[in-house]
Amino acid sequence: MESLSEPIRRPLTLDVSGLPSVAFGHRNTTWLANLFYMTIEGMMFALMFASYFYLRTRSTNWPPGHLPPALTFGVLNAVVFLLSVIPACRVKKVAPSGDRRAVTNGLLALALFALATTALRVFEFGALNCRWSDDAYSSTVWVLIGMHSGHLITELIETLVLLAISFTPKMEGTRLADAAINSDYWYFVVVTGLIVDLLIYGTTRFL
Amino acid sequence: MKPALKFIPWRFLVQAMSLDPGHHHVLHPAAPQAGNIEWLYWVIFGVLTAVFVLMIAGFTWAGAKTGVAASHPLPIMEDKEGDHRARWVVGLAMGVTVVTLFVILVISVVTGKRIHGPTSKNPVTIQVTARQWWWEITYPNPQADQTITTANEIHVPVGAPIVVLTNSKDVIHSFWAPSITGKRDLIPGYSSAFWFQVDQPGTYHGQCAEFCGLQHAHMGFSVVAEPVDQFQAWQQQQLKAAAEPSTSEAVRGRDVFLTHACLMCHTIRGTDAGSHVGPDLTHIAGRNMIAAETLPNTAGALAGWIVDPQRIKPGTRMSPNPLAPDDLQALIVYLRSLQ
Amino acid sequence: MPVAEPVIANDQDTGQSELARRLASTWRQPRGFWGWFCNTHHTDIGIRFIVTSFIFLLLGGVLAAMIRLQLVRPENSLMGPDLYNQVFTMHGSSMIFLFAVPMMFQGFGVYIVPLMCGARNIAFPRLNAFSYYLYVGGALVLWGGFLTNTGPDVGWFAYVPLSGPAYSPGHRADIWSQMITFTEVSALGVAICLATTILRHRAPGMTLNRMPMLLWEKLVISIAVIFAMPAVMIASGLLLLDRLIGTHFFNPAEGGDALLYQHLFWFFGHPEVYIIFLPGAAIVSTLVECFSRRRIFGYTPIVISVVATGFIGFSVWVHHMFATGLPQLSESFFTAASLMIVIPTGTQFFCWMATIWHGRLQLRLPMLWCFGFFFTFLIGGLSGVMLASVPVDLQVHDTYFVVAHFHYVLIGGALFPMFAGLYFWFPKIAGRMLNDRLGAWHFWLFFIGFNLTFFTLHFLGLRGMPRRVYTYGPDMHWQGLNVLASIGVVFMTAGFLVFLVNVLRSLRMGKIAGNNPWGDAGLEWAMSSPPPPYNFLHLPTVSSRDPLWEDPPDQPVVVGLRDDIRETLVTHSLDAEPQHKDEDPGPSIWPFLTALTVSAAFVGSIFTPWAVPVGAPPVIVTLIGWLWPRGQSPTPRPSGEQWSR
Amino acid sequence: MAKHFYFALLLVIAVLLVSCKREERILRQPPPANDILNTIQISGLNPGANSIPTPPNSNMYQESAYAVAEGQKLYEEYNCVGCHAHGGGGIGPALMDRDWIYGSEAGNIFSTIMQGRPNGMPSFRNRIPEYQAWEIAAYVRSLAGLLPKGVSPNRTDQMNIKPAESSTPEQTPSGITGIPGQHQ
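These protein sequence lines map, in sequence, to chains A, B, C and D.
Just so you know, we're using our numbering here: the first sequence kicks off at 1 and counts up by one.
Just so you know, we're using our numbering here: the second sequence kicks off at 1 and counts up by one.
Just so you know, we're using our numbering here: the third sequence kicks off at 1 and counts up by one.
Just so you know, we're using our numbering here: the fourth sequence kicks off at 1 and counts up by one.
Keep in mind that the hints were calculated from the coordinates and are not lab data.
No residue lacks a Cβ here, since even glycine has one placed at the ideal position from N, Cα and C.
Don't take each hint at face value.
Unchecked claim - To give an idea of the chain C side of the interface with chain D (calculated C-beta under 10 Å), a few residues: (1) G155; (2) P169; (3) A253; (4) G514; (5) N515; (6) D563; (7) A616.
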């Protein structure tokens, strides 16, 4: 306490000038924020899944008075999801090396995949065999797939923006780290997408 | 807030402090369930009061013991062996806390079992259907003509188990008569059942306890506990159709009833009025209160209610009926003849 | 490493040195009208959160006074049911969503946490500013609705089906559920900022077990927010869908379920209680340590209990639904869980008591409020133990007993610590002390009024007075107690007036505070008050839990951060080792513009589903504007710099 | 003092001006206007039905979502469903289409309810209070999507048998209305 009252000279310092100004992976603060963000979104999905099963207990047959959603586009989309992991993985791998060309190509491929899944998703909506205002089952199905489509579009736009940046000299340092983080988020979208598919196409048939 | 001071009626303050033997009081049980809960309440209350006194004493003592009056920050101190002793004391306190909590858990679960407990044989079954903002009471019976339908006033025999089947027509309501037992929510889409039993004859007030819209405040009911013979007499009376009007004025009253808005919502068994939107009025004169326990069942209150219910209960589903004075008079006479 | 020219320590920052001048110009926030909307410094945003939420505390208090005035007479004609239902709904919603969380979590957190961490600014300052504007948006939506006769009238919990399309015509309930979306997004944004700041921007040497208690609790709360808030957003979102496009989530006739809403709502609603209470506990821990003039007793047990509270808080939500008639087994389980919460809370109380017991208590004004907290929160906590027991709860649930209980918990656990914190940190915020005598008047008026009002309500509950009734019959014998309760409001109002006078007076003629008027140990007292825009002349390092008390006079400070750009230091989450340097994005108008577009989309979706497709493009545009890399960055780096992988 | 009073007055007026009719909960009904029935003609007997001035207080009910919701409840409770179903019609004519035998204005529907019509529509004069008839009339208009979306009811808590009134496209009433009886 007393030490505060009179001025003191500090002979010792901690010099951080040599530290790097860019970090990849878990050391990056944006990576941490992205983790929290995925936790929030994951929580929302988890609660919707819970509500889905809760409502399922409230009706005897499932789906009640509907055909289950048609498989074609759903399965197709699931396959595209799985394949799309490859370019995401690639971007994540090459970003730290600072190889801008490779990153650009990876982002391009990822954007194409994102476009493909979004397009397929449009057809999926057509194949649901129900309308959200029919009954609780239909509402849940629509909200589940709608929520995920929202993430899909967000991710598509984010990838496109990063792609646009990667054609400018600004794709450097922290931006490369962002590109890598974008891949993490894509993994999240893929995983949730697969679970949603499992619920919509799977449980309606085998539950 | 100035106006509040103007309102203070001091006698009410005196009355407030006195424990009135109300029939709408958690701590004045008239039934085994409420009795058990009251016992549990006082036990927990005693334990917690002791805890509270000890804690406050501890904080006060600590403050008084070590308090220093100084306006400038004092130097930092250390008290190693004091901390060592404190470690034991705090540990002990935690142990006591855990034990206390465990005791409370046990007695509360045991009491819970006793309340829910298995209902004894041949109970009286009552179907309570909550509406915005009144209670439809039916005594179901295999033969339709043996089924009693009334509203807001539940008659039960003293000392017999009563099974209540609950159901809601619109939003969530909650059935609560504090002197008899705890509350139970009535949730649309769920039909549940619970039981109670009243030991002392009397009329016990109850009220909706879950916010249910504009007239949540005026959604009361009453439980009339009476000896078995009286209860059976009441049942026989309720099974009868409506009394035929005896006087000419009563006859005219019935015509008023059947030619005005009344018959759009109400039932009087034995007449053309058979709608189930509002309460069944076949034996309205037999009830103590009207408008979901809001008004006494007197000629004046009845008239006021019929002419302008929206003044008494804004938002209620009952429509105003600007009747000609003599029509109104006749209608009142007729309704009050429906014993 | 020793260097030639020894630098001047932070506590000697007079703002005169050359370095101070350079930092000040680098970290300067823009001024003027537009500058106000561009500001991203955590102290400014934190003050805005505190002031705004305090305004809504006052408004909510006015509503409460109206309620007490209405209930002062049986069959009172002051308010009809229509207005009364709006008023008590507005009171609850404002106090919980517009005051309690924004003040206790966002306000104090945003202002103090970076200072305590020894950081130059909060992590993601733009997200932080965005959260503030969104919070204001939600507040305006709710109160705008109320002033246009569109105030929600379905209770702050908005149970279906009463709040559903069939029984709430018009847009009143929609206003409520969109206000939820606004405020929860805001809270989530701040939670991300605070958690990241605490994990990544702590001063070198501030390892996890050297973190001040307040940082621990803010960290736990941020994580609790991240897990709890989505539940209420789902609940209100599904409600909005039911009302707007006719989905059937809560329609029993079509396989929906009314209890699903209650589960979702209370899965958020109970953790919310701890999200409101733990910041209070954090403040109390800080103050007890400071005013007992000693290290807090039982640092580790307190940390463990805080974390435990955060966890158990998620397993007790069903005790709000005992009256719905659940199976007995689950009732017993949730009773046990609810009782278990007492253990960590009790631990904290005992540790505080022991700290005072073996310390040297200075009963300064903030500490007085802490004693008020001990008294009131203890009553609330103990009556909470009663409510945990199912049979008792079945009797007093949804009565004024419960009203009394949670006002003791929330006012005791949030409002008393809030005033303690305001009296404690006001010198840091404003640079001047608050007046002690007026403060004492404020305390006693409020303390007496509070207990008069809310202790009385216990009896009303036992006498069977249900909640949310706009009036009661004269034959119920409830008037006397209601009058007593209403008289208490007069005292509380007087107390608030005294406080406002005190603040306005002290802002102009209060005693100059100096760096560290209370002689506290936290880093937030190491710089001048109010803090300069760069917070620390040199980022500090730490070698103990109570740096300003126990660190040696020659404790090293950080050098080597550039002062021509807003460079910040990122340290390791666990041992706070310096890892790399980061750059603060600096002031920007985009967060405000984004908040505008997002608000437009939210408000529009009250009226038509088309607001989503139509409202999305502007949001995307503003977001791109926000995130698009600016000219000055990336900064030129030393060639051949190693990037940490 | 006086200044404060005027300020408060202005504030109140301002709030009242902006406050929404849509959200009005009409709990106290205005006294019934006895001559209303005589001011209304039956549109079936003279073309240009829509030009008939409807009594002023009908708007009060058509602009309040609460009143329309009340009308919806009464439509069920007074068993209009029995003949007109949920707008699809049956024994009585459909109410969700473009054809209005006796006019589509609230005033016309009001008088149809009150006076009754040939071939089965009974008269509810004295049975249904006037304000309730206005509420039902407002709701009936919403069946054909003739009310603003913000006022029309959304889905009910019953079985989902028809799209909600708020999502029914507006069925512009055909100018020339049919002849009584043709629809039976």
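(Q) Just to be careful: measuring from the Cβ of P169/C to every Cβ in chain D, is the smallest value less than 10 Å? (A) 4 Å, holds
(Q) Hint G155/C vs chain D: min CB-CB distance below 10 Å? (A) 16 Å, violated
Q: May I ask you to test the interface hint for A616/C with respect to chain D, counting a Cβ-Cβ separation under 10 Å as satisfied?
A: At 21 Å from the nearest chain D Cβ, A616/C fails the 10 Å test, so the hint is violated.
Q) Once the shortest beta carbon distance from D563/C to chain D is found, is it less than 10 Å? A) Nearest chain D Cβ about 51 Å off; hint violated.
Q.
So, as I understand it, the hint says A253/C touches chain D; can you test that by seeing if any CB pair is closer than 10 Å?
A. Interface hint status for A253/C: holds (5 Å vs cutoff 10 Å).
**Q.** Restraint satisfaction for N515/C [CB to CB of chain D, less than 10 Å]
**A.** 44 Å, violated
Q. Any CB of chain D closer than 10 Å to the CB of G514/C?
A. Check failed: Cβ of G514/C comes no nearer than 42 Å to chain D, outside 10 Å.
Going through the hint list in order, the structure does not satisfy hints 1, 4, 5, 6, 7.
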